[in-house]
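Given only the sequences and the hints, what does the whole structure look like? Please build it.
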Amino acid sequence: MPTISISSLTKRFGKLTAVDGVSLSIEKGEIFGLLGPNGAGKTTLLSMLAVLMEPTSGDARVAGSDIRTQALAVRKSIGMVFQGGSLDNLLTARENLELHASLFAVPKELRARRIQEALELVELTDRADERAGNYSGGMKRRLEIARALLHHPQVLFLDEPTVGLDPQTREHIWAYIKKLAQAESMTIILTTHYMEEADLLCDRIALIDRGKIVQLDTPEGLKRQMGGDRVKLVCAKACGRQQLARMRKLPFIKSVAQEDGHLALVVLNAPKHLQKILAAVGVVEEVHVLPASLNDVFLQYTGHAIRNESAEDDAQAHWAAHR
Amino acid sequence: MAVWRREFIVYTRERERAVSSVVTPLIWLLAFGAGLGASISVAGINYQEFIFPGILAMNVLFTSMFYGMYVVWDKKLDVLKEILIAPQPRWVAFTGKALGGLTICAFQVTILMIMGALFMSIPLTPLTFLFTLLGSLLFGLGAASLGLFIGAKLSSPDAFSLVMSFVMWPLFLTSGALYPIANLPAYLQVLVHVNPMAYGVDLMRGALLGMWTYGPLLDVGVLALFVAVFFYLGQKAFEQLNLG
Numbered sequence: 001m002p003t004i005s006i007s008s009l010t011k012r013f014g015k016l017t018a019v020d021g022v023s024l025s026i027e028k029g030e031i032f033g034l035l036g037p038n039g040a041g042k043t044t045l046l047s048m049l050a051v052l053m054e055p056t057s058g059d060a061r062v063a064g065s066d067i068r069t070q071a072l073a074v075r076k077s078i079g080m081v082f083q084g085g086s087l088d089n090l091l092t093a094r095e096n097l098e099l100h101a102s103l104f105a106v107p108k109e110l111r112a113r114r115i116q117e118a119l120e121l122v123e124l125t126d127r128a129d130e131r132a133g134n135y136s137g138g139m140k141r142r143l144e145i146a147r148a149l150l151h152h153p154q155v156l157f158l159d160e161p162t163v164g165l166d167p168q169t170r171e172h173i174w175a176y177i178k179k180l181a182q183a184e185s186m187t188i189i190l191t192t193h194y195m196e197e198a199d200l201l202c203d204r205i206a207l208i209d210r211g212k213i214v215q216l217d218t219p220e221g222l223k224r225q226m227g228g229d230r231v232k233l234v235c236a237k238a239c240g241r242q243q244l245a246r247m248r249k250l251p252f253i254k255s256v257a258q259e260d261g262h263l264a265l266v267v268l269n270a271p272k273h274l275q276k277i278l279a280a281v282g283v284v285e286e287v288h289v290l291p292a293s294l295n296d297v298f299l300q301y302t303g304h305a306i307r308n309e310s311a312e313d314d315a316q317a318h319w320a321a322h323r
Numbered sequence: 324m325a326v327w328r329r330e331f332i333v334y335t336r337e338r339e340r341a342v343s344s345v346v347t348p349l350i351w352l353l354a355f356g357a358g359l360g361a362s363i364s365v366a367g368i369n370y371q372e373f374i375f376p377g378i379l380a381m382n383v384l385f386t387s388m389f390y391g392m393y394v395v396w397d398k399k400l401d402v403l404k405e406i407l408i409a410p411q412p413r414w415v416a417f418t419g420k421a422l423g424g425l426t427i428c429a430f431q432v433t434i435l436m437i438m439g440a441l442f443m444s445i446p447l448t449p450l451t452f453l454f455t456l457l458g459s460l461l462f463g464l465g466a467a468s469l470g471l472f473i474g475a476k477l478s479s480p481d482a483f484s485l486v487m488s489f490v491m492w493p494l495f496l497t498s499g500a501l502y503p504i505a506n507l508p509a510y511l512q513v514l515v516h517v518n519p520m521a522y523g524v525d526l527m528r529g530a531l532l533g534m535w536t537y538g539p540l541l542d543v544g545v546l547a548l549f550v551a552v553f554f555y556l557g558q559k560a561f562e563q564l565n566l567g
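For the record, the sequence lines run as chains C and D. Going by the working numbering, the letters in the first sequence line up with residues 1 to 323, in that order. Going by the working numbering, the letters in the second sequence line up with residues 324 to 567, in that order.
Since the hints were derived computationally from the structure, they do not count as laboratory data. Just so we're clear, the structure is a prediction, and the values are computed from it rather than from any experiment. There may be inaccurate statements among the hints.
List time: in silico DSSO-like cross-link candidates among lysine-lysine, alpha-carbon distance up to 30 Å [unchecked claim]:
1) D:Lys559 / C:Lys15
2) C:Lys254 / C:Lys223
3) C:Lys15 / D:Lys476
4) C:Lys76 / D:Lys559
5) C:Lys223 / C:Lys178
6) D:Lys559 / C:Lys178
So the derived label-pair ranges between C-beta atoms look like this [to be verified]:
7) D:Thr433 / C:Met1: 39 to 45 Å
8) C:Glu27 / D:Val346: 40 to 46 Å
9) C:Lys108 / D:Leu353: 44 to 50 Å
10) D:Glu562 / C:Phe13: 18 to 24 Å
11) C:Asp166 / D:Val342: 33 to 39 Å
Using N, Cα and C, we set each Cβ at its ideal position, and we do this for glycine too.
This is the structure in structure tokens:
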């Protein structure tokens, strides 16, 4: 039985359908990614699975319990790291962990040990008695991850685990996440709008846009579906019909499109065939070869790219600063 | 219990909040009470003394309600989600929050009463202290529940000032905290009689100064009803919170 099974889960806010008939099943020990732009419905989906929000329709089971009728059992089996900063900044790291342990009814005799283990995992042992408010962004996120692990959940939800962190810290966090999945065989579901994060971490990825899953596969599978690398050519003169026709005949060229001032090609194994392509086009001013990326896949399925940062992130940062 | 402990630690570490919560009522007492008291006395006692229980009640109202409404910020910051995701029924979180507010309230009322006894000749004995404190806690529990209820229903902190104008100030100003009820025009009397805070003020003034309008039984009865209604509505609102 899958650890998580979701069937036609839907959430509407008035006229807006945030999550639109999503069905999924996720196996034990998987790192599963929900990849999509802000506002795609990722967080709403997680909130429903974590029983923070009631679905408008549809069903889901998390670790064998129904999210509608067995809310407490679901909550016992999950841990969650939120997007917006959910630490008590006035409490020390250890006090934050103690609060969580008692909220989650971790038996008293186990608490001290679990807290120690969690602190060690995220390497915060020697700063445990500082106030969380004095921590850097990366340390806060690590503490939040440690906190979510205290009650040994079967399923861990990570909502944008590295948003707003610098590249080095992000790599750190990724390493922790991988370590967890391997060592604890925990099922991890993360949302992200960073391509490389999904690509690097996830066993499978669901591309989500406007509340719907548009594609679901392994990162490699998704890139394979894209059919090849992207090549951008800026021609010396505007390309004629003849040239276009000639290129379309080449077997390794999957598609040719004319975009403002340049040609956009999708090519199988582009580095190898570049010579032949150039021969067919004639004189070019610039050549760009971009290896297949999830962004292209997303673009292909939804017709728009995943924006990187957005007003939503800024708003979050704004709130966090107020604390 | 964990929630309650958290609230208490947070309060003791937010010095600004703790200090301002005691200073504001003192300014009321000194500037307003002593100022107006210079030319007025009520029912044979000094005006400053007369409004002292009223100012205590005001402090209870404002602190408890603001404390409750603070969950609007918690909602924005995901702090509340962290509490609500725990495998506990929602009413446990609500009760923890309400008790947290009550503890803060007890702390402040105690400090104010001691200062009143030391500097304003408030007649304080262990017994009057205890009864006044209990009265303030009963009223405070209702006010904190009301605040939590409003906080759970509000979607953004922008509506705070609306709540102040339309709920908190009217409750305070028609509670008899600042004047005796007996001489009021009829329409104001009606407003006072339906205001639960009036019974809180009456209970505290009675306990402290022995001046009653409604009597202890009616006061406690009305306040208990006030608490019951908003405690129920508040935990219901927590139950229905949709966070995402």
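For the pair Thr433 of chain D and Met1 of chain C, does the Cβ-Cβ distance stay inside 39 to 45 Å? Given about 57 Å between the Cβ atoms, the range is violated.
Using the C-beta atoms of Glu27 of chain C and Val346 of chain D, is the stated range 40 to 46 Å upheld? violated, 59 Å
Does 18 to 24 Å hold as the CB distance between Glu562 of chain D and Phe13 of chain C, or does it fail? Holds, at about 19 Å.
If you draw a straight line from the CA of Lys559 of chain D to the CA of Lys15 of chain C, is it 30 Å or shorter? Holds, because 26 Å separates the two Cα atoms, which is no more than 30 Å.
33 to 39 Å as the expected CB spacing between Val342 of chain D and Asp166 of chain C, which holds or is violated: holds, 37 Å
Taking 30 Å as the top limit, are the C-alpha atoms of Lys559 of chain D and Lys178 of chain C close enough? Measuring from Cα to Cα gives roughly 40 Å; hence the hint is violated.
Pairwise hint evaluation, Lys223 of chain C against Lys254 of chain C, where the allowed Cα distance is 30 Å at most: holds, 14 Å
Given the hint that Lys15 of chain C pairs with Lys476 of chain D, test it: the Cα-Cα distance must not exceed 30 Å. Given pair Lys15 of chain C, Lys476 of chain D holds - Cα atoms ~20 Å apart, limit 30 Å.
Has the hinted range 44 to 50 Å been met by the Cβ atoms of Lys108 of chain C and Leu353 of chain D? With Cβ atoms ~48 Å apart, the hint holds.
Sort out whether Lys178 of chain C lies within 30 Å of Lys223 of chain C, counting only the CA atoms. holds, 22 Å
CA of Lys76 of chain C to CA of Lys559 of chain D, is that 30 Å or under? Distance of about 22 Å is within 30 Å: holds.
In this structure, the earlier hints numbered 6, 7, 8 are contradicted, and the remaining ones agree with it.
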